[in-house]
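Asks: Protein chains in written order, with our numbering: chain A, 1 to 439; chain B, 1 to 439.
A few of these clues could be false.
Because identical chains share one entry, a pair is satisfied inside a single copy or across any pair of copies.
Pairs of lysine-lysine, DSS-like flavour, derived with a Cα cap of 27 Å [to be verified]:
hint: 1; residue 1: K338; residue 2: K423
hint: 2; residue 1: K131; residue 2: K280
hint: 3; residue 1: K390; residue 2: K131
hint: 4; residue 1: K390; residue 2: K311
hint: 5; residue 1: K153; residue 2: K423
hint: 6; residue 1: K359; residue 2: K220
hint: 7; residue 1: K137; residue 2: K311
hint: 8; residue 1: K280; residue 2: K311
hint: 9; residue 1: K133; residue 2: K338
hint: 10; residue 1: K330; residue 2: K220
hint: 11; residue 1: K220; residue 2: K338
hint: 12; residue 1: K338; residue 2: K359
hint: 13; residue 1: K359; residue 2: K374
Hints listed in this document are in silico derivations from the structure and should not be mistaken for laboratory results.
There are 2 protein chains.
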Amino acid sequence: MKMDRWRASVRRILNLASRPGPAPRSFAAGRGNPARSGSLHCSGRSCRETQFYFGHRQPLSMHLRETEFALGVSLIQSRCFGSVATRIQRNPKFATINSDDIRYFRDLLGDKSVIQDEDALLAANMDWMRKYKGSSKLLLLPRSTEEVSQILKYCNSRCLGVVPQGGNTGLVGGSVPVFDEVIVNLGAMNKVISFDEVSGILVSEAGCILESLMNFLDNKGFIMPLDLGSKGSCQIGGNVSTNAGGLRLLRYGSLHANVLGLEAVLANGDVLDMLGTLRKDNTGYDLKHLFMGSEGSLGIVTKVSILTPPKLSSVNVAFLACTDYLSCQKLLLEARRKLGEVLSAFEFLDEQAMDLALKHLEGVRNPLPPALHKFYVLIETTGSDEQSDKEKLEAFLVHAMEGGLISDGVVAQDIQQASSVWKIRYSRSIDESRGCLQI
Amino acid sequence: MKMDRWRASVRRILNLASRPGPAPRSFAAGRGNPARSGSLHCSGRSCRETQFYFGHRQPLSMHLRETEFALGVSLIQSRCFGSVATRIQRNPKFATINSDDIRYFRDLLGDKSVIQDEDALLAANMDWMRKYKGSSKLLLLPRSTEEVSQILKYCNSRCLGVVPQGGNTGLVGGSVPVFDEVIVNLGAMNKVISFDEVSGILVSEAGCILESLMNFLDNKGFIMPLDLGSKGSCQIGGNVSTNAGGLRLLRYGSLHANVLGLEAVLANGDVLDMLGTLRKDNTGYDLKHLFMGSEGSLGIVTKVSILTPPKLSSVNVAFLACTDYLSCQKLLLEARRKLGEVLSAFEFLDEQAMDLALKHLEGVRNPLPPALHKFYVLIETTGSDEQSDKEKLEAFLVHAMEGGLISDGVVAQDIQQASSVWKIRYSRSIDESRGCLQI
């Protein structure tokens, strides 16, 4: 009976492919090829999970012990943050930039790496959602750990506030100044230092853009253990400093699981070399974990050593409907058990989220009959054998349907369909950031 | 040609099964059933990797800032440690136990949890290899975090040295006193607090024995993300405090990847509640990582929250020979790529290690013709589909053989054969600990 219902339901499946390409395939039908791609994932998850660079709860300075800004100078600069109940004001203990400071930085870094141009500063002073705006007068672009160290040492001695910045793609304003802090952008430190093709261990400078590292690894047959919507701009140092999660967390774990070593510069300029590449190093205190998620408040990450998984060729995406929340939970349990080693994503949406996405977001369509389902689940598998992975997913889906856990579903037939399905999930964060969709 | 050689070689395979059961099967032959078991793994790896409880670089006390023992009292108690170039002596600043202390602890814990019996103390004062021996006069068995807190608070106020102890299965003497420290054994804190069958998150007290947790999870369809030779005695708190690696690290990562939260008691009795169960928590400083691998020197871990993977039913073990080290490296690379998601162990031995194991260890046999091979590799796969996993392993092995990466090999046919193969690897650590095999 259930099987019949399922098949009837499958026949009603909306055609994803108004764009060229095969129709989406019911996993009960057993035909066609699974989608495959190494770049299906394209979204950050939420404000806290999406990467930005170092946070500015407190500008880096020798006064790290001070946890609150004292009453200060300019009311124009004071702003209210969502997580802070009261307005904050600039601490007058911090110095302001003068011409001697500029001269020092020009001597240290060269003229091209000391930015005072207003247009360039405007971009660096503002986050990409335009929610937060600082008023820094100086943007520095160091090219080496030694230069970062010298900058921080000098700022520390002069009591100049500092905000570290990477791709400036964050959603919580962590990478822009609160007031007039010196912005230290790591973008010029963008070299891959080494890659071991046997162990898959990549060592790079902190300013490497995530997508550049992905492209570098793709040629070697590996992938980054994290993927984010802003991969084209965000930097690995910022990912690590914010402990960015991303869409591969279910499969590969958090950065605490994959980062093997770090180099970081403390506020006084001291360089902490924790750049190990030993996977099973369990000797002594593992200080690097303190820097992961501390958002620059303990120091600036300058180099990263990270374990990268091998690239697997077979990717399948299914989009399913469940009648109740309990079924979604049971489906997750079954997916972990039956798909186990190939399960790479399990994403959940309720009816309201889907309605909002369909109403507000361009190019998003529900591959299942609308208004019939309360809950939706996106499942992705990634494995090394196309045929066996496909059969495994199909067997799981038939089993789940027979058990009443899912009421309808489609399996993407190619990368376009897979991308289209992912877009439903992806766009939630993107649109949320534009302020028109509050889920 | 290579294929012929391979098959000829396979015919020479020594019969693992002097014990009842089918003969080991060449993976080129395509017959028989793969071994399957959830408990094939049975070894710690090395001194630093095998679990013991909290280290005693310094007894816990209010004087944590003192990093060296001052000149002290009894030469009988002074010992030389491998990692310390000079003899250490008891710091006279630490107090010694008196009758008031005993009375306090009896009032706090009850008579049965305050151990002064010489025989019981002898076991607690010595590590299981009998390499290190302390002279504590007092063993305490708290049953709650509150009791641990009260003990440490009191010891701190009295300046009594403390050594935390779990299963006392370590290989580096970290769980026994250096001198006459109070031993705080967590064995009585052995309750499972909660288990979420949807997320697989287990919360337990620190004194739970690893194997007990494995058995508990086995009934629920999950496994612990780590496995160690001493699982029958070691405790999860000690595993976490020493950041024990174990045989599942390749698949599931280190404890930094899987521990979601901790509760720990500091030397002054303060309780740090970091017992979160949120997998994607990237808010604020992640202090729990500091306690992982710090071996008790920062505090006593009292509760652990850990992510457990679902149990997968299909396990296959192959034991292979390689002619040179480069082939072993290439084989690892290929295994990560071709076996990808099912690869659960890749263990390496050279000829000398094998010869020593065969010479000194009871019940260990080489399943391949002896003295012909320079290097050996043990590969294990764990997946959810027996047939497809087996085919995947066989295809990989034939591919590796045709590519000249391996020169001979067997695939275990059942759990006995798999255990026998694992014994080669397992026994290295065991015998090393007995001092008769120095690899």
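Asks: If a hint holds in the structure, say so; if it doesn't, say that too.
Replies: Taking the hints in turn, this is what the structure says about them:
For the identical chains of this complex, K338 and K423 are intra-copy neighbours only, at 26 Å inside a copy versus 30 Å across copies, given an alpha-carbon limit of 27 Å. Taking the shortest alpha-carbon separations for K131 and K280, only the inter-copy value of 25 Å comes in at or below 27 Å, while the best intra-copy value is 42 Å. Within a single copy, K390 and K131 get their C-alpha atoms no closer than 44 Å, and across copies no closer than 54 Å, so neither meets the 27 Å cut-off. Proximity of K390 and K311 under a CA criterion of 27 Å is satisfied in both settings, with 17 Å inside one chain copy and 21 Å between copies.
Proximity of K153 and K423 under a CA criterion of 27 Å is satisfied in neither setting, with 45 Å inside one chain copy and 55 Å between copies. Taking the shortest alpha-carbon separations for K359 and K220, neither the intra-copy value of 41 Å nor the inter-copy value of 42 Å comes in at or below 27 Å. Taking the shortest alpha-carbon separations for K137 and K311, neither the intra-copy value of 44 Å nor the inter-copy value of 57 Å comes in at or below 27 Å. Proximity of K280 to K311 under the C-alpha cut-off of 27 Å is found in both arrangements, the shortest distances being 22 Å within a copy and 23 Å between copies.
Taking the shortest Cα distances, K133 and K338 never come within 27 Å of each other, neither inside one copy (49 Å) nor across copies (49 Å). For a Cα distance limit of 27 Å, the shortest separation of K330 from K220 across copies, 14 Å, qualifies, whereas the shortest one inside one copy, 38 Å, does not. Proximity of K220 to K338 under the C-alpha cut-off of 27 Å is restricted to the inter-copy arrangement: shortest distance 15 Å between copies versus 31 Å within a copy. Proximity of K338 to K359 under the C-alpha cut-off of 27 Å is found in neither arrangement, the shortest distances being 35 Å within a copy and 43 Å between copies.
For the homomeric pair K359 and K374, the shortest alpha-carbon distance inside one copy (17 Å) is at most 27 Å, but the shortest distance between copies (66 Å) is not.
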